[in-house]
Amino acid sequence: MEKRYQSAYGMRTAPRRRVRIYATDPMSGRRSPYRITIDIDNEPDLQEGPRGSIVEVWDRDGAQECYYAPVNC
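Going by my numbering, the sequence shown opens with residue 1, and the numbers climb by one from there.
Any given hint could turn out to be false.
Said to hold, decoys possible - FRET-style restraints, in silico, Cβ to Cβ:
| # | residue 1 | residue 2 | range |
| --- | --- | --- | --- |
| 1 | A63 | A14 | 11 to 21 Å |
| 2 | R35 | C66 | 14 to 24 Å |
| 3 | P15 | A63 | 35 to 45 Å |
| 4 | S53 | Y22 | 14 to 24 Å |
Everything labelled a hint here was simulated from the structure, so no lab data went into it.
Since the model is a prediction, treat every value here as computed from it, not as a measurement.
Backbone N, C-alpha and C define an ideal beta-carbon position, used for all residues, glycine too.
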């Protein structure tokens, strides 16, 4: 029975991931027309932002004309 816990199956990452992109405040509603979902290669070692070689997120507040600190996802 111990072999089951030594398997790499439960430790491997998915080859792809779905990412939601909001072009407006995500709290504005679930039916926001400014929301899309993209399917990208999974990057297991994302940095704060999140930021990787495929996608980089910049949180900009257009009303206040400022950027917010990156988040740790």
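Quick rundown of the hints versus the structure:
One distance hint, 11 to 21 Å for the beta-carbon pair A63 and A14, is violated here, with the actual separation near 36 Å. The hinted window of 14 to 24 Å between R35 and C66 holds, with their beta carbons roughly 22 Å apart. Look at P15 against A63: about 38 Å separates their beta carbons, and that is inside 35 to 45 Å. Taking the beta carbon of each, S53 and Y22 are about 22 Å apart, inside 14 to 24 Å as hinted.
Checked against the numbered hints given earlier, the structure breaks only hint 1 and satisfies all the rest.
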